[in-house]
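Here is what each chain is made of, one letter per residue.
There are 2 protein chains.
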Amino acid sequence: MAPKCHAEIMDDHLELLEQLRAGLPDEALITDPDVTASYAHDMASFCEAGAPAVVVLPRTVEQVQHIMRTATDLRVPVVPQGARTGLSGGANASDGCIVLSLVKMDRILEISPVDRIAVVEPGVVNAVLSRAVAEHGLYYPPDPSSWEQCTIGGNIGTASGGLCCVKYGVTAEYVLGLDVVLADGRLMRTGRRTAKGVAGYDLTRLFVGSEGSLGIVVRAVLALKPSPPQQLVLAAEFPSAAAACEAVCEIMARGHVPSLLELMDRTTVQAVNKLGHMGLPESTEALLLAAFDTPDPAADLAAVGELCTAAGATQVVPAEDAAESEMLLQARRMSLPAMETIKSATMIDDVCVPRSKLGAMLDGTAAIAARYGLTIGVCAHAGDGNTHPVVCFDAADEDESRRARESFDEIMALGLELGGTITGEHGVGVLKKEWLARELGPVGLEMQRAVKQTFDPLGILNPGKLF
Amino acid sequence: MAPKCHAEIMDDHLELLEQLRAGLPDEALITDPDVTASYAHDMASFCEAGAPAVVVLPRTVEQVQHIMRTATDLRVPVVPQGARTGLSGGANASDGCIVLSLVKMDRILEISPVDRIAVVEPGVVNAVLSRAVAEHGLYYPPDPSSWEQCTIGGNIGTASGGLCCVKYGVTAEYVLGLDVVLADGRLMRTGRRTAKGVAGYDLTRLFVGSEGSLGIVVRAVLALKPSPPQQLVLAAEFPSAAAACEAVCEIMARGHVPSLLELMDRTTVQAVNKLGHMGLPESTEALLLAAFDTPDPAADLAAVGELCTAAGATQVVPAEDAAESEMLLQARRMSLPAMETIKSATMIDDVCVPRSKLGAMLDGTAAIAARYGLTIGVCAHAGDGNTHPVVCFDAADEDESRRARESFDEIMALGLELGGTITGEHGVGVLKKEWLARELGPVGLEMQRAVKQTFDPLGILNPGKLF
Numbered sequence: 001m002a003p004k005c006h007a008e009i010m011d012d013h014l015e016l017l018e019q020l021r022a023g024l025p026d027e028a029l030i031t032d033p034d035v036t037a038s039y040a041h042d043m044a045s046f047c048e049a050g051a052p053a054v055v056v057l058p059r060t061v062e063q064v065q066h067i068m069r070t071a072t073d074l075r076v077p078v079v080p081q082g083a084r085t086g087l088s089g090g091a092n093a094s095d096g097c098i099v100l101s102l103v104k105m106d107r108i109l110e111i112s113p114v115d116r117i118a119v120v121e122p123g124v125v126n127a128v129l130s131r132a133v134a135e136h137g138l139y140y141p142p143d144p145s146s147w148e149q150c151t152i153g154g155n156i157g158t159a160s161g162g163l164c165c166v167k168y169g170v171t172a173e174y175v176l177g178l179d180v181v182l183a184d185g186r187l188m189r190t191g192r193r194t195a196k197g198v199a200g201y202d203l204t205r206l207f208v209g210s211e212g213s214l215g216i217v218v219r220a221v222l223a224l225k226p227s228p229p230q231q232l233v234l235a236a237e238f239p240s241a242a243a244a245c246e247a248v249c250e251i252m253a254r255g256h257v258p259s260l261l262e263l264m265d266r267t268t269v270q271a272v273n274k275l276g277h278m279g280l281p282e283s284t285e286a287l288l289l290a291a292f293d294t295p296d297p298a299a300d301l302a303a304v305g306e307l308c309t310a311a312g313a314t315q316v317v318p319a320e321d322a323a324e325s326e327m328l329l330q331a332r333r334m335s336l337p338a339m340e341t342i343k344s345a346t347m348i349d350d351v352c353v354p355r356s357k358l359g360a361m362l363d364g365t366a367a368i369a370a371r372y373g374l375t376i377g378v379c380a381h382a383g384d385g386n387t388h389p390v391v392c393f394d395a396a397d398e399d400e401s402r403r404a405r406e407s408f409d410e411i412m413a414l415g416l417e418l419g420g421t422i423t424g425e426h427g428v429g430v431l432k433k434e435w436l437a438r439e440l441g442p443v444g445l446e447m448q449r450a451v452k453q454t455f456d457p458l459g460i461l462n463p464g465k466l467f
Numbered sequence: 001m002a003p004k005c006h007a008e009i010m011d012d013h014l015e016l017l018e019q020l021r022a023g024l025p026d027e028a029l030i031t032d033p034d035v036t037a038s039y040a041h042d043m044a045s046f047c048e049a050g051a052p053a054v055v056v057l058p059r060t061v062e063q064v065q066h067i068m069r070t071a072t073d074l075r076v077p078v079v080p081q082g083a084r085t086g087l088s089g090g091a092n093a094s095d096g097c098i099v100l101s102l103v104k105m106d107r108i109l110e111i112s113p114v115d116r117i118a119v120v121e122p123g124v125v126n127a128v129l130s131r132a133v134a135e136h137g138l139y140y141p142p143d144p145s146s147w148e149q150c151t152i153g154g155n156i157g158t159a160s161g162g163l164c165c166v167k168y169g170v171t172a173e174y175v176l177g178l179d180v181v182l183a184d185g186r187l188m189r190t191g192r193r194t195a196k197g198v199a200g201y202d203l204t205r206l207f208v209g210s211e212g213s214l215g216i217v218v219r220a221v222l223a224l225k226p227s228p229p230q231q232l233v234l235a236a237e238f239p240s241a242a243a244a245c246e247a248v249c250e251i252m253a254r255g256h257v258p259s260l261l262e263l264m265d266r267t268t269v270q271a272v273n274k275l276g277h278m279g280l281p282e283s284t285e286a287l288l289l290a291a292f293d294t295p296d297p298a299a300d301l302a303a304v305g306e307l308c309t310a311a312g313a314t315q316v317v318p319a320e321d322a323a324e325s326e327m328l329l330q331a332r333r334m335s336l337p338a339m340e341t342i343k344s345a346t347m348i349d350d351v352c353v354p355r356s357k358l359g360a361m362l363d364g365t366a367a368i369a370a371r372y373g374l375t376i377g378v379c380a381h382a383g384d385g386n387t388h389p390v391v392c393f394d395a396a397d398e399d400e401s402r403r404a405r406e407s408f409d410e411i412m413a414l415g416l417e418l419g420g421t422i423t424g425e426h427g428v429g430v431l432k433k434e435w436l437a438r439e440l441g442p443v444g445l446e447m448q449r450a451v452k453q454t455f456d457p458l459g460i461l462n463p464g465k466l467f
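Residue numbers (full-length UniProt numbering), protein chains in the order written: chain E, 1 to 467; chain V, 1 to 467.
Possibly wrong hints are sitting among the right ones.
Unchecked claim - So the derived label-pair ranges between C-beta atoms look like this:
1) E:Ala127 x V:Gly96: 55 to 61 Å
2) V:Thr309 x E:Glu27: 55 to 61 Å
3) E:Arg131 x V:Thr309: 30 to 36 Å
4) E:Ala127 x V:Ala127: 39 to 45 Å
5) E:Gly276 x V:Ala127: 48 to 54 Å
Said to hold, decoys possible - Mimicking DSSO-like on lysine-lysine, the simulated pairs with C-alpha atoms at most 30 Å apart in a straight line are:
6) V:Lys225 x V:Lys167
7) E:Lys225 x V:Lys343
8) E:Lys167 x V:Lys225
9) E:Lys225 x E:Lys167
10) E:Lys274 x E:Lys343
11) E:Lys225 x V:Lys225
12) E:Lys167 x V:Lys167
The hints are simulated quantities; they were obtained by calculation from the structure and are not laboratory data. A quick note: this is a predicted structure, and the numbers were derived from the prediction, not measured. From the three backbone atoms N, C-alpha and C, an ideal C-beta is built for every residue, glycine too.
Between the sequences and the hints, there should be enough to build the whole structure, so can you do that?
Written as structure tokens, this is what we have:
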């Protein structure tokens, strides 16, 4: 069947568009299929994406309620979206759906230094919020690598993490309360704006990481920390991943609290040097970056440097100042873009294992790469045991693509075997839904589905994701 | 009707006891009504409590599963209990129920310094765990005032807090994963043992604070922190609660991170002196305790002391050493027992307001006390805005009891008016269930009930609590 033309698609969705228009201004609706197609998917490979009936860009809570009432009336699926920087297909459109983009609801409503909270709409960009609160001496820690693009609503949907987590935790720890538009258009407030609160079930946390499948977040109360001192970074070169992981375990077992503890393997280091001319040491098998934002970071780095040397580091270089530290962080942040230049496509795993199993995870990943004859570079939030093996492949090569997909899956199997999880911070989306079932087991899966059914009895919220 | 004798009660519950005995050793069942009566309620005033049919004390997960299967078969309500130190009636028995006490499941299964986790059974006493992990250089922060008696399972049920929360947060932040026996006896594992993980909905957090109404926690993976340096405490005297609250706001707005920030009003100070001969300054209207467990606590205390003076403190006394610090903490921990000596009974509120509203909350509470002609002493986790107004009354005096109950409620109404919550850390139980409905609103309440229905369709898990 030939693809439908614009007019034909319009006919199919006439009633839907008419009802939506009754409560939305014209500029909040996009129906041009060339444009709506650009909203069809996020940044994940191997994830199906359909053709949306319409993209809506509401600016108010009332507009979101109107959209959800319409969707419920007509039983039309709704796919909520932030900046579509996700890596699991969680924001991918399904055929005939309403894509509900929250990017126009982008106001910071309040920042309170005394209460250490911010109240925001879901479309606020992570970096915009981070900079705004910094002006008040405050710090919003979650820093996914897409922080210059991704939105707080998207971060909440995927419970996303970043480099900060080893000290400051993931997005979930910073969401105190939510306003949520339910599937039928009713508005529900969860949680609180106080430091503590235990009134009833924690529905706030239930929505964090629910990938838009339980309701539409239209407002969030976020916890903030005071701005920490400028962090200082150290780089340590190791002759093997095992030695680097031993250092990580020692650092954490001795009670250190680094503000980041990151690992890049040789493949990653070489790719970063090639893309960014960063001058990282290419002879190293594993480069460990540790940082402290404590009152005396140099002293903490010295102690950690000694542990690295004891674990076999061949070179330990503390940054001399903030500029050198920033350069090392830039190199780390460049890891994913750099790996993307190796082949035409990548798949990014997100397996998190107990820290004590990090060495086994890295060795096992290397063995999988060898077995499949693929380049799999690994960068890792090592302090959290959260690895991002990046499977590089040529999308035009069918056999290599198949091997990429299989190795991607084997890495998740290895993670589960080691007592880990298939996703530390990227979410399940479309990409890992079979694996979610394996991780949860039959009882867990059944209860998760029951929760979904409770909040979305018609199954119109981001269908086909998670389960 | 005269109370039934032992034999009569046994007849009523014959089938239940027979089925329970099929999967439990004799010593795990208590049917003597004199003994079961002692399991009827927790430490809250004004909360109804029924007569249990039986108290069961399982030692294994399989035994808990057997109990829940039996309860489901026979539609018998189950009331889970820890140490019954709760303050909201959440562990109170209902007539003919099975009291399911988890105190015999008290093993610490694992402590890992590298992974910074402990795996425990629900009956482990908070202080026992705290001391056990301290031997490994680790720290389990949640420290409710009943920490020498209360169990981890009970702490999870109520999401309890303590003095540590201003820096370290409540129990919820430390629960990574759970094994839960569902209402029908099936075993479900939630969450993870890794530092991060976002696979599916956060059911772990849903169970934390659910007061035994969704399932029975039989095992928990807890996050640990490295042991911090010994904290040093400062005491500051203020001529008014308002001045003390101004100091609290300044301390937090300036980015300080105290390890505790507590307030005791004049009534509390006098009661503590009377009970414990602590020699606290009785002329003060509000005594503020601040502590730091940083590398240089004396320097941090000096900075905070200056802020106190600027806010009007008449006296600022930093402790000279750990012993003096411990003495001040003991005085604070004595607040509730001391207030209990003022009259024959107390009701303890647990209102948490945004920190910026703490002054208004304390002034409003004083006005309520005056209006009702009652003694209401206040101690507060001031850094969190979490106040514990303690209403003192003579339980034999009907009119005073009525006024106590009414003022207790008015304090919650004031908290909600100020943007706060009716419970910061004690839970809802029986005592505040009408107030939960007011805090949540109709949509929130309906969805919370729907979640309850999803996990407990027969309504056998701790019925009559929360809603």
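Would you mind confirming whether the straight-line C-alpha gap from Lys225 of chain E to Lys343 of chain V stays at or under 30 Å? It is violated: about 41 Å lies between the C-alpha atoms, which goes past 30 Å.
Satisfaction of hint between Lys343 of chain E and Lys274 of chain E, Cα-Cα up to 30 Å: With a Cα-Cα distance of about 13 Å, the restraint between Lys274 of chain E and Lys343 of chain E holds, given a limit of 30 Å.
Lys225 of chain E and Lys225 of chain V: Cα distance at most 30 Å? Within the cut-off at roughly 18 Å; holds.
Under the criterion that the straight-line Cα-Cα distance not exceed 30 Å, is the pair Lys167 of chain E, Lys225 of chain V satisfied? Status holds; Cα separation ~10 Å.
Do Arg131 of chain E and Thr309 of chain V keep their Cβ atoms within the hinted range of 30 to 36 Å? Roughly 34 Å apart at Cβ, these two residues keep to the hinted range, so it holds.
Has the given pair, Lys225 of chain V with Lys167 of chain V, been kept, meaning a C-alpha gap of at most 30 Å? Answer holds: Lys225 of chain V to Lys167 of chain V is near 12 Å, not above 30 Å.
55 to 61 Å as the expected CB spacing between Gly96 of chain V and Ala127 of chain E, which holds or is violated: 59 Å, holds
Within 55 to 61 Å: is that where the Cβ-Cβ distance between Thr309 of chain V and Glu27 of chain E falls? 56 Å, holds
Does the beta carbon distance between Ala127 of chain E and Ala127 of chain V stay inside 39 to 45 Å, or does it fall outside? For Ala127 of chain V against Ala127 of chain E, whose Cβ atoms are near 44 Å apart, the range 39 to 45 Å holds.
Straight-line alpha-carbon gap Lys225 of chain E to Lys167 of chain E, limit 30 Å: Roughly 12 Å separates the two Cα atoms, so the pair holds.
Assuming the hint says 48 to 54 Å, is it satisfied by the Cβ distance from Gly276 of chain E to Ala127 of chain V or not? Because 52 Å falls inside the window, the suggested range holds.
Agreement of Lys167 of chain E and Lys167 of chain V with the hint, judged by alpha carbon distance not exceeding 30 Å: The given pair, whose Cα atoms are some 13 Å apart, holds under the 30 Å limit.
Comparing the model with each numbered hint stated earlier shows that hint 7 is the single one that does not hold.
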